[in-house]
Amino acid sequence: MTDAGYVIAAYAVIVGGLALYTFVLWRRLRAARGRDDEAR
Amino acid sequence: MSTLRREAGLAMAVARKDALAELRGRHATVSALFFAAVVLLLFGFALGPDSARLAAAAPGLLWLAVVFAGILAVNRLHLLETEDGALEQLALYPVPRRVIYAGKAIGGFAVMLVLALVVLGAVGVLFAIDIAAAWFPLLVTVVLGAAGIAAVGTFYAGVTVRLRAREVMLPLLMLPVLAPLLLGAVKATAAALAGDPFGELGAWLQLLVAFDVIMIVAGAATYGFLLED
Amino acid sequence: MKTRILGFVALTAVAAMTGIGLFVVPADLNQGDAQRIMYPHVASAWLAYLSFGVTAISGILWLWKRDLRFDAVALAGAEIGVMFTAFAIWGGMMWGRPIWGVFWQWEDPRLTTTALLLALYVGYLLLRQLTDDPERRATRAAIVGVVAAVDIPIVHFSVEWWRGLHQTATIGSPDRVLNPAAPMVFVGTLLGMLGAFTLAWGYLMIRRYQLARAEVQREEAARLDRLMSARTAEPAR
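Chains L, D and W are the protein sequences, given in the same order.
Here the first sequence stands for residues 1 to 40, numbered as in the working numbering.
Here the second sequence stands for residues 1 to 229, numbered as in the working numbering.
Here the third sequence stands for residues 1 to 237, numbered as in the working numbering.
So that you can see chain L by itself, here it is in the shape it has in the complex (with noise of 0.2 Å):
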């Protein structure tokens, strides 16, 4: 692998890992609010 595969491979797990733990957070956030009360 060239340099450029290690430099994508450490943004890609990074950048693309917070987007998925702020989705990942987002749905568990409506599903534990969203039972309880709607006005949010």
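Since the hints were made in silico from the structure, they are not lab data.
Bear in mind that the values here come from a model prediction, so they are computed numbers and not experimental data.
In this text, a Cβ means the ideal position worked out from N, Cα and C, and glycines have one as well.
Please note that a few of the clues may not be correct.
[Said to hold, decoys possible] Simulated restraints on C-beta separations:
(1) D:ARG5 to W:LEU125: 41 to 51 Å
(2) D:LEU139 to L:GLY17: 47 to 57 Å
(3) W:PHE157 to D:ASP130: 23 to 33 Å
(4) D:LEU139 to W:THR3: 56 to 66 Å
Chain L is fixed; fit chains D and W onto it per the hints.
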């Protein structure tokens, strides 16, 4: 300073109670010793038969065996408490929590010391290491290492009392914290055995002392919170 | 609402800095393109430490004030901290392979310390999961969190000492980008990445805190239900 003396006396009373229970049943020491022996044997199979390689690896193997067996020992030492609820009963006495911690840690230290000394002897025999020549620095290292493992072990045993899956959680929590102690003890042992060619023995022993002091203080300070409920 | 704005700002910042890090900032003379990895790697490491600091302090605040909201902050810090720690390790490995030729170097004190950091806080999270009573969970977690935080400087120091005694030349050092004498464009990119990641961190901390509070409140409600209805309920530990 009579409070200190009184507290020390109480701590020794706790330690003595644990020591008597252990002497009678010998649950922890015997199983830990056996386990350490088996571990050393497996190390021999895994890394041998080249004796030069084993001799070079001996300090690491010594302390790995002591740490792993030590976890087993700590687990068993505190098992009786969790089953009988003895820890709660102890908490009912108007004794400062740090004293209970100190007493238990001293008891743990006694077991760990015995364990470490026996394993040291075993390593000397199995991996052809001359421990007699450097016996004093080795003894200091063993005492400091045993103290650190006991301090950390007593603390995490308190944390995992009545915890589900505590047999897995105790090593999982203890091992990362013990990493600096492992490093220091192994390096000090290696330096001692080699005759301290680079003069680093003192530094590693200082690391061990610092680790022990910090962990004992942290354990004593927080033990009270664990016994609250 | 304000949190949502923070989220969008963070998103934009991270996207922008990713673009800059990948395409705009020049490659390093010695380390080449691999040096680009340093920006998210270093930023992740700093935020990991920040997160665990928050966890330790929130834990102490719980022990002192007995307000479960502090525990929720501690949990958020630990989970997000574990995530950033994993990122930092991954970044370190991706950087290590082209520069050192290997994915792992035992003598790099930061890499080994970060690996231990991961182990410590995964243990913290597992411990939390195994305790049902919210207050006991908070207490156990706080104590473990404090001891873990105290252990970290000891680990770092001991590994540094370990490296120092073993005199081998390391070809590339991650320190380069942290060197005050480094070219401004590198320093600027690093600070920009750090800023963007910190914004994201702030947003995620708030959301994770909210989730923790929501879940605790549902736990409490469910518990009350059980106490009311069941006659043979045994308090769960």
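Outcome of the hint check:
1. Remark: the range hint 41 to 51 Å for D:ARG5 to W:LEU125 is upheld by a beta-carbon distance near 43 Å.
2. Checking the proposed 47 to 57 Å range against D:LEU139 and L:GLY17 shows it holds: the Cβ atoms sit about 49 Å from each other.
3. Checked against the hint of 23 to 33 Å, the pair W:PHE157 and D:ASP130 passes, with Cβ atoms roughly 31 Å apart.
4. Between D:LEU139 and W:THR3 the beta carbons are some 59 Å apart, a value that agrees with the proposed interval 56 to 66 Å.
Every hint, counting from the list given before, is met by this structure.
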